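Asks: Listed below are the residues making up each chain.
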Amino acid sequence: MPLKALDIYKLLPKKNCKECGDPTCLTFAMKLAAGKADIELCPYLDENAKSVLGATTRPPIKLVKLGVGERSFAVGEEFVLYRHDKTFYHPPGIMFRVLDTQSEEEIVAVTARVHDETLTRVGADLKFNGTAIVNTSGTVEAYAKAVAAVEKTAGLPEVLVSDNPAAIAAALVLCGSYHPLICAATPENYKQVCALAKQYGCRLVVKAPTLDGLAQLNRDCATEGVTNILMDLAPQTLGDFLYRSTAIRQLAITRSVPDLGYPVYLDATAFDDEDAAIALGIVKYASVIVTSPLSPASAKAALTLRQNIYTDPQKPIQMNPGLYRVGTPGKDAPVLMTVNFSLTYFTLQGYLESSRIPCFMLIVDTEGLSVLTSVAAGKLNEALVRDAIKKSGVENEVTHRKLIIPGYAAPLSGRIEEATGWKVLVGPRDAAEIGEYLIQEWKP
Amino acid sequence: MEPDLRFGWTGTVGEVILGATRSEGGTRSRSYRIGGGTTLPFMEKEVTSPSPLIAFEICDDPQYWSPIVNDFCGELIHDPGAWAKTAEATYGADLVRLCLTSTKRRDFSEIPELGRTVETVLASTTLPLIIEGSNEPKIDSEVFQKCGETGQNERLLLGTAEAGRYRSIAAAALAYNHAIIAQSPIDINLAKQLNILLKEIGVQKDHIVIDPYTGALGYGFEYSYSAMERIRFSALKGDADLAMPMICAPSDSLTVKEVREAEGTDRNAIAVEWEFATSLAAAVAGAEIICVRHPDTVRRLKAAITGLKARTGV
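In order, the protein sequence lines correspond to chains A and B. Counting in our numbering, the first sequence runs from 1 upward without gaps. Counting in our numbering, the second sequence runs from 1001 upward without gaps.
Hints should not be assumed to be uniformly reliable.
To be verified - Listed below are the simulated DSS-like cross-link pairs for lysine-lysine, each with C-alpha atoms no more than 25 Å apart in a straight line:
| no. | chain 1 | residue 1 | chain 2 | residue 2 |
| --- | --- | --- | --- | --- |
| 1 | A | 4 | A | 207 |
| 2 | B | 1199 | B | 1257 |
| 3 | B | 1192 | A | 86 |
| 4 | B | 1138 | A | 207 |
| 5 | A | 62 | A | 127 |
| 6 | A | 127 | B | 1199 |
| 7 | A | 62 | A | 31 |
| 8 | A | 31 | A | 14 |
| 9 | A | 86 | B | 1257 |
| 10 | A | 379 | A | 402 |
| 11 | A | 145 | A | 198 |
| 12 | A | 4 | A | 65 |
Claimed, not checked - Stretches of chain A that chain B covers, calculated by requiring three or more beta carbons in the stretch to come under 8 Å of a beta carbon on chain B:
| no. | stretch |
| --- | --- |
| 13 | 82-91 |
| 14 | 220-232 |
| 15 | 237-246 |
| 16 | 377-390 |
What the hints assert, rightly or not - Short, incomplete list of chain B residues facing chain A, as computed with Cβ under 7 Å:
| no. | residue |
| --- | --- |
| 17 | 1042 |
| 18 | 1171 |
| 19 | 1174 |
Hints were generated in silico from the structure; no laboratory data involved. Remember, it's a predicted structure, so these values are computed and weren't measured experimentally. Built from N, CA and C at the ideal position, the CB exists for glycine as well.
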């Protein structure tokens, strides 16, 4: 059961020392109660208070940061089972796998690709997140060489995958201070692996096929002093992953089993269809996904799906209102009005570009609502359009006074004409038809 | 450590029957009973439902179809019968969805021709059929009447009813005992409203499949994904007006910029990736019929669904 802020406050030192970063013990207690702060931030707690508070006040899924520097990323600290209940906060890191049996050139090429490749969509730069280096050779020397090749290429987050603690130890000499993720601790080797993780301050993957096994391993590793943990659920099928990952998320966010309150790790390379595993991991709670270097098509789909699912459903992505150009429009180019919901903007812009007709897009501020919803809500109205025309300066850009509005805004056409003095043309409902529409209908 | 994966829910997704075998009065080699879920998709203790089913979409006028699919399928696109047969025998689809794109032609009036096309497709495949009807409200009544009549006793799934445009299709479904697709624009409340309208004119809930509308990956798919999750969730919480199986048709996938503008061998690969990623995520969100257009998507999706249904212990 979660504790109330006042119950927590009673257990705090009440010194108001500010060392936790909060102004008073009471505000810290309120944060703890909301799962927004870590109990470890208070340096003055006695062991009893720690054990009482530890399990119930930290975020239900621990935040784990991987790597250092510009490309480091954090996962965990999630609160819901469904994105529509709030949002998913920390998108999974997608890591490309290299094998230590590959040539140095190949390893360098994959690492450089992860570093450089960018997909720009809806105004955001989407990237892959790091490299997973696998000790396929089984030898310590080959592994150290492969890790060195990755290291000299880019400062990306790394996963060190090996059954052999000696190989991990050799790799850590090279990259130990960059918060790599060691994979994996099992009931057999966890003491050795934890010792390495602790020595270098690494993050650790624990691996077991049952929830009980994972909870036990997490407890064991915590006892050894390692708490930056991710869990490999050892799935043999997509169904295994879906079931275990959902069960763990449920048990963790309700704090029923605090020992399962860690992010999930997914090795997609263990599946015949890696794309299927990646897509499933993205929608169902994976926080780090290891995959073979993806084909261009798979790469685009994976990055796009991740962007979609991790978009905050309460905050539609918005464009800045104003006048946008497609191509180099002249004084007699068409002017198309639409809303500032970014999806609407980018969809229309895509079709306008492929129509190869230079034009202006007049984007009005509907606070990110789509055409259909903003018309229904009265947010899109003639006053908004009139003000947008004045403010945008479009009157100086074109010599005509004709405005094309979206098909779904047709009910407003008369009122917009009256308010603006512009002649209103009702465009198609579906942006896909805009090219054809302009060819048929547009005359300045 | 046994998690409660029914979350205290008591509701069940309603069942809908698609297709009719000889013993059921039709001519299909099989019929499907979809729905019946009591928790999240693929989380049941015993998976008994045949869903998600994969419907392969074909059309009767390929000028309105994706050029990528047309190039891939070759001559088949001019022969709906042969295309349907290939969907069953070669692609491995569970259902065939015939889209009557010919009705998009200006002043279309060849209603008897539609009847012949439906007949041909019924004769060429033994799979249950989805018929996606008129693209023009003015001819809805004639088109659905013709399709409904031609497919009498076959338990077709007819598409698509929308708010403000559902009477003709409902009339045909009621007259010939077919099920219908009820589509709303990515909004759980509008989905519910349409189901109530259909109920009021006599369409039973076991004859309705909800289409929450599938935005393409990268172009609003997240809204569809959450709408599907919410509809499933409402059904399980006991909202009878949303307790129907769902259909997902990511047909917009093939017209997005990424796919449209791809070149050479990449075109097929990206078309399949786009359909596949959307379909898989939709299946996990609760879609029980998934419609695709690229033959290569069928095989991959089928394997993935088999994988989702397989569990090696808890």
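Asks: With reference to the structure, classify each hint as holding or not holding.
Replies: Here's how the hints hold up against the structure:
Only pairs whose Cα atoms come within 25 Å are accepted, and residue 4 of chain A paired with residue 207 of chain A is rejected, the gap being roughly 34 Å. Using a Cα cut-off of 25 Å, the hinted pair residue 1199 of chain B and residue 1257 of chain B is violated, with the two alpha carbons roughly 39 Å apart. For the given pair, residue 1192 of chain B sits about 22 Å from residue 86 of chain A by alpha-carbon distance, which is consistent with the 25 Å threshold. For a cut-off of 25 Å, the pair hint linking residue 1138 of chain B to residue 207 of chain A is broken: about 61 Å separates their Cα positions.
Distance hint between residue 62 of chain A and residue 127 of chain A is fulfilled; the C-alpha atoms sit about 24 Å from each other, no more than 25 Å. Simply put, residue 127 of chain A and residue 1199 of chain B have alpha-carbon atoms about 48 Å apart, too far for the 25 Å limit, and the pair is violated. Between residue 62 of chain A and residue 31 of chain A the alpha-carbon distance is near 15 Å, which keeps this suggested pair within the 25 Å criterion. At roughly 15 Å between alpha-carbon atoms, residue 31 of chain A and residue 14 of chain A fall within 25 Å of each other, so this suggested pair holds.
The straight-line distance between the Cα atoms of residue 86 of chain A and residue 1257 of chain B is roughly 30 Å, outside the 25 Å bound, and the hint therefore fails. Distance restraint check for residue 379 of chain A and residue 402 of chain A: the Cα-Cα separation of roughly 22 Å lies within the 25 Å cut-off, and the hinted pair is therefore satisfied. Restraint check for residue 145 of chain A and residue 198 of chain A: satisfied, since their Cα atoms lie roughly 23 Å apart, inside the 25 Å limit. At roughly 28 Å between alpha-carbon atoms, residue 4 of chain A and residue 65 of chain A are farther apart than 25 Å, so this suggested pair is violated.
With a cut-off of 8 Å between beta carbons, the stretch 82-91 of chain A has 3 residues touching chain B; three or more are needed, and the interface restraint holds. Coverage of the stretch 220-232 of chain A by chain B is violated. Counting CB-CB distances below 8 Å, 0 residues qualify, and the rule asks for three or more. With 8 residues bearing a CB less than 8 Å from a CB of chain B, the stretch 237-246 of chain A meets the requirement of three and the coverage assertion stands. With a threshold of 8 Å between beta carbons, the proposed coverage of the stretch 377-390 of chain A by chain B is violated, since 0 of its residues qualify and at least three are required.
Hint status for residue 1042 of chain B relative to chain A: holds, with the closest Cβ pair at about 5 Å, below 7 Å. For residue 1171 of chain B, the interface hint is violated, the least distance from its beta-carbon to any beta-carbon of chain A being 26 Å, above 7 Å. Annotation: residue 1174 of chain B was flagged as interfacial toward chain A, and the flag is violated, the nearest CB pair being 29 Å apart, outside 7 Å.
Checked against the numbered hints listed earlier, the structure breaks hints 1, 2, 4, 6, 9, 12, 14, 16, 18 and 19; every other hint is satisfied.
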